[in-house]
Amino acid sequence: MKFPVSGMSETTLDARNLLCPLPVIRTQNTVEELQQGDTLLVKCTDHGVINDIPAWCRINGHEILSIDEQEYEIVIKLRVGKNS
Amino acid sequence: MTNSINNGKKRKAVALVSGGLDSMLAVRVMQEQGIHVEGINFYTGFCIEGHTQAIRKKDRDKPKRNNALWVAEQLGIKLHIIDVTEDYKNVVINPKHGYGANLNPCLDCKGFMVHEAMEWMTKHDFDFLITGEVIGQRPMSQRKGTMPIVTKESGAGDLLLRPLCAKLLPETLPEREGWVDREQLLGFSGRNRTPQMALAEKYGFKNYAQPAGGCCFLTDASYSKKLADLWKARGEKTYEIDDIVMLKVGRHLRPRPHFKIIIAREEGETNFLRGYRKNYLSMSTISHPGPVSLIDGEPDDDDLELAARLVARFSSGREAELVTVEVMQKNGESRNIDVKPLLADEVPGEWYV
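Line by line, the protein sequences give chains A and B.
Residue 1 is where the first sequence starts when you use this note's numbering, and the numbers rise one by one after that.
Residue 85 is where the second sequence starts when you use this note's numbering, and the numbers rise one by one after that.
Each hint should be verified, as a subset may be incorrect.
Under the rule of at most 27 Å between Cα atoms (straight-line distance), these lysine-lysine pairs were calculated in the BS3-like manner [stated by the list, open to error]: (1) Lys77(A) - Lys162(B); (2) Lys180(B) - Lys362(B); (3) Lys82(A) - Lys93(B); (4) Lys82(A) - Lys362(B); (5) Lys207(B) - Lys82(A); (6) Lys162(B) - Lys43(A); (7) Lys94(B) - Lys82(A); (8) Lys82(A) - Lys96(B); (9) Lys321(B) - Lys290(B); (10) Lys362(B) - Lys43(A); (11) Lys207(B) - Lys43(A).
Everything labelled a hint here was simulated from the structure, so no lab data went into it.
From a predicted model like this one, the values you see are computed outputs, not experimental measurements.
Whole structure, please, built from the sequences with the hints as guidance.
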């Protein structure tokens with residue numbers, strides 16, 4: 001898979017204390033501002049994101065890199081795919 | 085044969101996707117005709133989808149899914165989730181067509197959503213709009229008499245196609261232009277779900293969401309009662325997103341007209357309310373295990389003592405002579421007070437909102 005070599009960035013989104021689908025919406029809106037190949041860390045407290053953000057990524061062509069689930073906080077890392 | 089392809093590109097429709105079966109079927113009917121469909125789903129703040137189940141710890145192990153996302157994935161379409169919480173306030177507060185059985189402004193809501201979808205459609209260069217509406221399916225927004233109101237007041241006009249009942253409605257532009265074949269559209273009506281279930285079977289749809297009284301908290305009597313109480317206490321019909329989220333969490337008791345107490349019912353809610361301690365005056369029992377509670381309103385010192393006694397009532401120190409309660413201001417400053425827990429018969433039923 002080809003990604004731009006230069007200019008890739010990692011962004012962190014704080015979606016803690018938001019209930020689904022707001023973390024998904026914030027993820028969606030943040031990804032719109034990113035480039036293909038950029039990574040995004042989403043910090044959440046609603047455990048619903050463990051299903052919802054991966055589902056949103058599958059639909060929209062983005063890749064989940066990791067899901068770190070703690071008792072009260074979940075951190076999801078994704079890589080932005082080709083936005084069309 | 086249809087003209088679903090224009091200059092080598094498929095005609096494009098945006099679909100209102102709620103996560104239910106009807107909009108799922110409507111999308112597939114269009115896909116069968118070669119139309120490129122993308123979904124749009126609006127977050128109003130009152131959506132039942134995925135909300136309170138995320139708060140309560142006891143529900144955490146239950147399988148959860150956002151049905152709109154699930155539907156989109158099954159259909160292989162993109163889904164755009166749009167936050168309309170600000171603009172939606174006017175729909176809830178001033179519905180032109182009034183409320184249904186509770187504080188549900190269904191007809192205004194449908195008109196609003198179709199209008200918003202129209203704006204999205206125009207901005208993103210789509211050709212027309214579809215919904216999963218069925219004549220006679222819902223008492224307020226999906227009647228033969230009210231569907232033309234939605235069509236007109238949303239500004240959608242004949243760009244709005246309802247594939248599941250199109251044969252019972254006047255021809256729309258996509259039909260007249262031959263983008264879709266009217267003969268392949270459907271003529272469903274009424275509350276009988278058998279035709280939809282048969283079509284779902286034909287398409288191989290399984291595990292779709294079962295209708296359970298709608299997808300909006302405003303159709304719920306208990307929730308509407310809490311919202312009405314909020315408006316009455318404030319003397320005006322206003323709300324912020326935190327207000328309406330909070331109406332879904334905890335026990336709500338209003339001992340006095342000018343303040344109410346939100347008491348967590350279990351650990352998950354306690355953790356959730358803890359996240360709001362910068363927005364509300366809060367109380368927690370120190371000497372005994374107990375829930376976090378938030379105070380909404382303008383209590384004076386006497387009110388705070390009453391609130392503390394009530395909070396103590398819901399702690400494991402309810403039988404104790406005295407319970408120490410921490411009262412925390414929004415800025416984090418706190419003080420402890422010792423109170424005698426209220427007895428069961430000192431908590432009148434009418435305090436419960």
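Quiz item: Regarding the pair Lys162(B) and Lys43(A), is the alpha-carbon distance no greater than 27 Å?
Solution: 24 Å, holds
Practice problem: Given the hint that Lys207(B) pairs with Lys43(A), test it: the Cα-Cα distance must not exceed 27 Å. | Solution: Cα-Cα ~31 Å, so violated.
Quiz item: Between Lys207(B) and Lys82(A), does the CA-CA distance stay at or below 27 Å?
Solution: Measuring from Cα to Cα gives roughly 20 Å; hence the hint holds.
Self-check item: 27 Å limit on alpha-carbon distance, applied to hinted pair Lys94(B) and Lys82(A)
Solution: 20 Å, holds
Self-check item: Distance restraint between Lys82(A) and Lys96(B), which requires alpha-carbon spacing of 27 Å or less
Solution: Distance of about 20 Å is within 27 Å: holds.
Quiz item: Is it true that the CA of Lys321(B) sits at most 27 Å from the CA of Lys290(B)?
Solution: 42 Å, violated
Self-check item: 27 Å Cα cutoff - pair Lys82(A), Lys362(B)
Solution: Given pair Lys82(A), Lys362(B) is violated - Cα atoms ~40 Å apart, limit 27 Å.
Exercise. Verify the proposed pairing of Lys82(A) with Lys93(B), using a straight-line Cα cut of 27 Å.
Key: 20 Å, holds
Self-check item: Given pair status - Lys43(A), Lys362(B), alpha carbons within 27 Å
Solution: 19 Å, holds
Exercise. Take the C-alpha atoms of Lys77(A) and Lys162(B), compute the straight-line distance between them, and say whether it is at most 27 Å.
Key: 21 Å, holds
Quiz item: Lys180(B) and Lys362(B): Cα distance at most 27 Å?
Solution: Judged against 27 Å, a Cα distance of about 36 Å means the pair is violated.
When each numbered hint is compared with the structure, violations occur for hints 2, 4, 9, 11.
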